[in-house]
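Visitor: One-letter residues, chain by chain:
Protein chains: 2
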Amino acid sequence: MGGDHGCEVVVDGVRLALDGISGISEIHLVGDRPQIEAALAKRHVNDPRVKILHTTEVLTMEDSPLEGVRKKKDCSMVRAIELVRDGKADAIISPGNTGGLVAGSTFRLRRIEGVERPAIVTLMPSRTTTFIFLDAGANHECKPLYLAQFAVMGSVYSREVLGCRKPRVGVLSNGTEEGKGTELTRESAKLCRQLNLNFIGYVEGHDLFDDRVDVVVTDGFVGNVVLKSIESMGKAILKNLKAGLTATPTRKFGAWIARGAFTDLKQRMDPDVYGGAPLLGLNGIVIKAHGSSRERAIMNAIRVATETIQHHLNDVITCEIAEANQRLANVKDNGPVPAAA
Amino acid sequence: MGGDHGCEVVVDGVRLALDGISGISEIHLVGDRPQIEAALAKRHVNDPRVKILHTTEVLTMEDSPLEGVRKKKDCSMVRAIELVRDGKADAIISPGNTGGLVAGSTFRLRRIEGVERPAIVTLMPSRTTTFIFLDAGANHECKPLYLAQFAVMGSVYSREVLGCRKPRVGVLSNGTEEGKGTELTRESAKLCRQLNLNFIGYVEGHDLFDDRVDVVVTDGFVGNVVLKSIESMGKAILKNLKAGLTATPTRKFGAWIARGAFTDLKQRMDPDVYGGAPLLGLNGIVIKAHGSSRERAIMNAIRVATETIQHHLNDVITCEIAEANQRLANVKDNGPVPAAA
Chain L
554 MGGDHGCEVV VDGVRLALDG ISGISEIHLV GDRPQIEAAL AKRHVNDPRV KILHTTEVLT
614 MEDSPLEGVR KKKDCSMVRA IELVRDGKAD AIISPGNTGG LVAGSTFRLR RIEGVERPAI
674 VTLMPSRTTT FIFLDAGANH ECKPLYLAQF AVMGSVYSRE VLGCRKPRVG VLSNGTEEGK
734 GTELTRESAK LCRQLNLNFI GYVEGHDLFD DRVDVVVTDG FVGNVVLKSI ESMGKAILKN
794 LKAGLTATPT RKFGAWIARG AFTDLKQRMD PDVYGGAPLL GLNGIVIKAH GSSRERAIMN
854 AIRVATETIQ HHLNDVITCE IAEANQRLAN VKDNGPVPAA A
Chain E
554 MGGDHGCEVV VDGVRLALDG ISGISEIHLV GDRPQIEAAL AKRHVNDPRV KILHTTEVLT
614 MEDSPLEGVR KKKDCSMVRA IELVRDGKAD AIISPGNTGG LVAGSTFRLR RIEGVERPAI
674 VTLMPSRTTT FIFLDAGANH ECKPLYLAQF AVMGSVYSRE VLGCRKPRVG VLSNGTEEGK
734 GTELTRESAK LCRQLNLNFI GYVEGHDLFD DRVDVVVTDG FVGNVVLKSI ESMGKAILKN
794 LKAGLTATPT RKFGAWIARG AFTDLKQRMD PDVYGGAPLL GLNGIVIKAH GSSRERAIMN
854 AIRVATETIQ HHLNDVITCE IAEANQRLAN VKDNGPVPAA A
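The listed protein sequences derive, respectively, from chains L and E. Residues 554 to 894 in the numbering used here are what the first sequence spells out, letter by letter. Residues 554 to 894 in the numbering used here are what the second sequence spells out, letter by letter.
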């Protein structure tokens with residue numbers, strides 16, 4: 554119920570997912586039954602795998618996340634999270650209030666044992682492949698251990714779900730030299746060096762989009778600011794390009810001839826291709842779909858959820874976080890161990 | 554001497570500036586005399602306003618900024634800063650080591666009275682105009698008072714040099730709601746509210762490039778990361794666009810017909826148009842030119858320097874920083890004063 558485009562778009566995405574993605578046994582649509590039924594009828598969706606769970610409330614973008622999920626006990630987001638908590642669903646996908654989703658799922662699903670904080674993972678196109686970026690905004694203020702654990706969880710995600718064999722993990726900083734960065738980045742990098750990661754040290758803004766790193770680790774404040782700035786910049790470029798290409802009839806004609814190139818570019822930059830940003834570190838799969846998601850984004854968010862489930866991601870995260878914590882505890886007791894030990 | 558493209562490019566930029574910018578009485582070229590003379594001869598520059606100051610050392614990108622400017626006493630950057638300190642020049646322009654320029658000019662020129670830290674200002678194109686962004690990387694770790702002073706200095710620059718009548722000043726955060734941000738952004742915003750600014754509160758990444766803010770204030774760590782990420786993203790988009798437009802003969806043909814649009818876009822995104830990033834808050838005008846500056850960027854950096862001098866920027870900054878500090882001291886003693894008092 555919480556996306557910008559209402560539930561018809563969600564229903565369209567669900568239809569695409571049921572048609573195109575194998576291995577889905579049930580999709581629960583959680584929200585106002587009459588609205589959902591109307592959308593299903595309008596879109597001619599009549600698949601027995603679609604179930605409706607009626608709820609009377611919606612968490613809006615105006616609601617305070619913490620208070621919202623506490624007070625609106627019958628809102629669609631909370632009820633959907635509870636389906637996962639109660640074992641009736643394997644994953645929740647929501648295009649609603651991000652803060653609400655983080656708070657609600659952290660309270661109700663609890664963190665994986667040993668995980669300090671969950672993190673939002675964003676997938677982004679680099680020159681020839683895809684890199685991941687976390688935390689994209691779940692935690693405004695972080696400690697070094699959080700970032701080290703983000704590095705572990707991000708590395709697992711890149712390897713298990715995206716198939717990157719030996720993900721290069723870097724901490725985002727303002728330069729690659731040792732002396733650069735803040736206390737947080739320096740301490741985080743120190744911890745990462747103790748872990749069983751392909752840790753490449755600091756990466757800077759210039760390294761993004763350039764195939765130099767597979768997992769970029771940062772705190773949720775910087776992550777959020779960087780992601781939104783990048784999005785804003787991308788939109789501004791496309792707007793400028795469009796204005797330039799439609800400024801004269803000649804240019805319009807040339808652009809029409811070369812139109813394939815613009816479709817390619819738009820597709821490559823389109824966040825809907827990635828569809829969903831997983832919230833890692835909780836006992837359950839939680840996927841944040843963009844608030845402005847269209848049907849293709851919803852479908853892709855469902856794809857991300859099924860892939861994450863099929864790769865037993867949380868089992869792997871549980872093991873590797875336990876191992877990482879053990880290593881860090883050993884370092885505390887006995888001094889650094891060689892990374893390959 | 555310190556740029557990526559050697560001193561011929563600098564000489565080309567100087568020639569363009571002497572031809573195109575009025576009011577320049579002297580330009581000192583500081584560095585290795587034989588190299589500079591060769592470049593001047595090669596470019597047929599024979600203007601009596603060009604002076605050479607010979608130095609025996611160069612601060613390289615590999616030098617540690619602090620140690621470099623301390624040990625290499627006869628490096629071109631240090632000597633150029635000393636020309637300003639000694640009143641023999643009004644501004645220094647350098648495409649060299651940024652950290653060295655910040656450290657060297659802070660030590661030798663000293664901060665304007667009352668200014669806690671100097672800040673690097675970057676100019677960027679928004680949808681229809683130009684906004685400024687500071688600190689772009691001079692200070693990795695900041696206190697709220699630094700950011701409040703950046704807001705004052707940025708506002709002065711936007712008003713006096715760019716001609717923005719009532720610059721809208723915002724603190725960069727991860728959302729516009731009150732509760733968002735870190736302790737630094739929250740405290741900085743509180744201070745800014747006490748000042749005689751057109752302060753619009755928090756701005757987020759989405760607001761950049763969208764004509765919603767004229768002066769974006771952040772700490773040098775976030776500033777550096779955001780700027781480099783944006784640059785990296787811009788380059789990736791242009792590369793992808795070019796690849797798409799040259800993928801088939803048909804597209805190439807279309808792109809050739811519409812070529813004006815791509816020239817426009819490139820020009821709009823070209824950092825060389827802005828040329829130089831002023832380092833504000835010091836007793837002297839210091840302009841950092843991009844390390845990869847070509848002649849047009851050098852010329853534009855010289856233009857930025859002359860405009861800054863002609864607007865007596867530092868006199869205005871001195872007054873307004875004193876007033877801001879007074880206001881903040883009053884608040885401490887007597888509680889908040891209304892912003893318009």
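Among the hints, erroneous ones may be present.
The calculated SDA-like cross-link candidates involving lysine to any residue, where the alpha carbons are at most 20 Å apart (straight line), are [claimed, not checked]:
no., chain 1, residue 1, chain 2, residue 2
1, E, LYS696, L, HIS759
2, E, LYS743, E, GLU669
3, L, LYS792, L, GLY813
4, E, LYS792, L, THR816
5, E, LYS733, L, GLY813
6, L, LYS719, L, LYS819
7, L, LYS604, L, ALA656
8, E, LYS819, L, ARG739
Treat the hints as calculated values from the structure; they're not laboratory data. Every value quoted in this text rests on a predicted model; they were computed, and no experiment measured them.
Visitor: Hints first: check each against the structure and report whether it holds.
Guide: Hint-by-hint comparison with the structure:
no.	hint	result
1	E:LYS696 to L:HIS759	violated (26 Å)
2	E:LYS743 to E:GLU669	holds (18 Å)
3	L:LYS792 to L:GLY813	holds (17 Å)
4	E:LYS792 to L:THR816	holds (15 Å)
5	E:LYS733 to L:GLY813	violated (41 Å)
6	L:LYS719 to L:LYS819	violated (29 Å)
7	L:LYS604 to L:ALA656	violated (25 Å)
8	E:LYS819 to L:ARG739	violated (37 Å)
Hint compliance for this structure: hints 1, 5, 6, 7 and 8 are broken, all remaining hints hold.
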